[in-house]
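> Note that the protein sequences, when read in sequence, are chains A and B. Each residue of the first sequence is one higher than the one before, counting from 1 in my numbering. Each residue of the second sequence is one higher than the one before, counting from 1001 in my numbering.
If you are wondering where the hints come from, they were derived from the structure by calculation, not from laboratory data. Take these hints with a grain of salt, some might be off.
Stated by the list, open to error - Derived DMTMM-like pairs: lysine to aspartate or glutamate, alpha-carbon spacing no greater than 20 Å straight-line: (1) LYS126/A to ASP1124/B; (2) LYS70/A to GLU123/A; (3) LYS19/A to GLU1017/B; (4) LYS22/A to ASP1080/B; (5) LYS19/A to ASP1080/B; (6) LYS1108/B to GLU1174/B; (7) LYS19/A to GLU1077/B; (8) LYS23/A to GLU1017/B; (9) LYS8/A to GLU80/A; (10) LYS26/A to GLU1017/B; (11) LYS22/A to ASP1124/B.
As the list claims (entries may be wrong) - Footprint (simulated), chain B over chain A, 3 or more residues, beta carbon under 8 Å: (12) 42-56; (13) 120-126.
Note that the structure is a prediction, hence the values are computed from the model and not measured. Where is the CB? At the ideal position from N, CA and C, for every residue including glycine.
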Amino acid sequence: MSDNNRNKIDTRAIQSILKENKKQIKLGLTMCAHCSMCAESCFLYMSKDYDPEYMPSYKFLNSIGKLYKKKGKVSNGRLEKMRDLVFENCVLCTRCYCPFGINIPSLITLGRRICRSQGVFREYDK
Amino acid sequence: MIKAKPKPLEEIQNYVESFDRILITGCGGCVSVCLAGGQREVNILKTELALAHSQSNTNKHMDGYTVERQCNSNLIEELDPIVADFDCIISMACGAGVQHLAERYPGKPVFPAVNTIAIGVDLDIGLYEERCRACGECVLAYTGGICPVTRCAKGLFNGPCGGTNGDKCEISNEIDCAWLMIYNRLKEQNRLEDILKIQPPMEWKNQVKRTIIQKGYENRYIDK
């Protein structure tokens, strides 16, 4: 569960987490209308000059969303990019708001969980 | 952020001595930032405990799992299916996280693996210093942004005390006199009159659990 093993991606472990949360991910992907209303509820988006990479919807669509579409198959490089997105671009303040009721923090948490399951996480002394 | 320090390994070993299946839980919040209880520290503790147990010929099953924040119910939920397989939990979160886990899993002993030290600032990587003791009565507005509770050795709300030894405190030559610092800061800002404003005695509220309800949320949480 917690071994720091960056070279080998355990696709089965990722698929198992995706399967366990399929309903929630699918619902999020289907419901997101790309309305960008979540953007202004994110203080990071507001303080980073409206950088679209900080939009809550961008963060979940390009992490857990992409992973789901690729059926859990991911390269080390892609996983590290995903880490930057879900760890660096989000502080998980859980304040993001979706008018359709998508639980965005929960989807971003799921992205972090998958990263952690592969030993990919934010290191604060680097 | 909250700053913590890992407990000595022997102490943690003593906690879990009588348990065979041990879950080590990390926290992705403050304790990750201060390098005390994140996923990497979970891995290290797991290895150290495994080594200690193998040296004493005791066979224990251990695993590690890090959640994003142990102080948030939604974020510890994912531990539910995992915890059932273990006899006890070691939490590497701050005191709030440990208690939160203990509340959620009342049937499982939860042991702390870190000592929660302070609310502090990052001076450098791995070097932190206390700045706030969460006293609940912030007087920084009158003290030039220098906290007398954490910086004054006597925690005086009204000072200086008369025990100033040069620019140091009378109790130790290594401790700066916080009230001298406050005086100098206020003087620099031309606000020396603030030092004369007497602050009422501190109402130490740490004997009861403090709950924070932000403005605008009163109707939601307080019974009418």
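> State for each hint whether it applies.
Hint check results:
For a cut-off of 20 Å, the pair hint linking LYS126/A to ASP1124/B stands: about 12 Å separates their Cα positions. Proposed proximity of LYS70/A and GLU123/A is contradicted: the alpha carbons are some 27 Å apart, above 20 Å. Of the pairs offered as hints, the one joining LYS19/A and GLU1017/B is violated, with about 37 Å between alpha carbons and a cut-off of 20 Å exceeded. As the CA atoms of LYS22/A and ASP1080/B are separated by approximately 18 Å, the hinted pair is consistent with the 20 Å bound.
Between LYS19/A and ASP1080/B the alpha-carbon distance is near 17 Å, which keeps this suggested pair within the 20 Å criterion. Distance restraint check for LYS1108/B and GLU1174/B: the Cα-Cα separation of roughly 44 Å exceeds the 20 Å cut-off, and the hinted pair is therefore not satisfied. For the suggested pair LYS19/A and GLU1077/B, the alpha carbons sit about 17 Å apart, so the restraint of at most 20 Å is met. With a C-alpha separation of about 41 Å, the suggested pair LYS23/A and GLU1017/B falls outside the 20 Å cut-off, and the hint is violated.
Simply put, LYS8/A and GLU80/A have alpha-carbon atoms about 13 Å apart, close enough for the 20 Å limit, and the pair holds. Of the pairs offered as hints, the one joining LYS26/A and GLU1017/B is violated, with about 44 Å between alpha carbons and a cut-off of 20 Å exceeded. A distance of roughly 42 Å separates the Cα atoms of LYS22/A and ASP1124/B; the hinted pair therefore is violated under the 20 Å criterion. Closer than 8 Å: that is the beta-carbon criterion, and the stretch 42-56 of chain A has 0 residues meeting it against chain B, so the requirement of 3 is violated.
Counting residues of the stretch 120-126 of chain A whose C-beta sits closer than 8 Å to any C-beta of chain B gives 5, which meets the bar of three, so the coverage hint holds.
Checked against the numbered hints given earlier, the structure breaks hints 2, 3, 6, 8, 10, 11 and 12 and satisfies all the rest.
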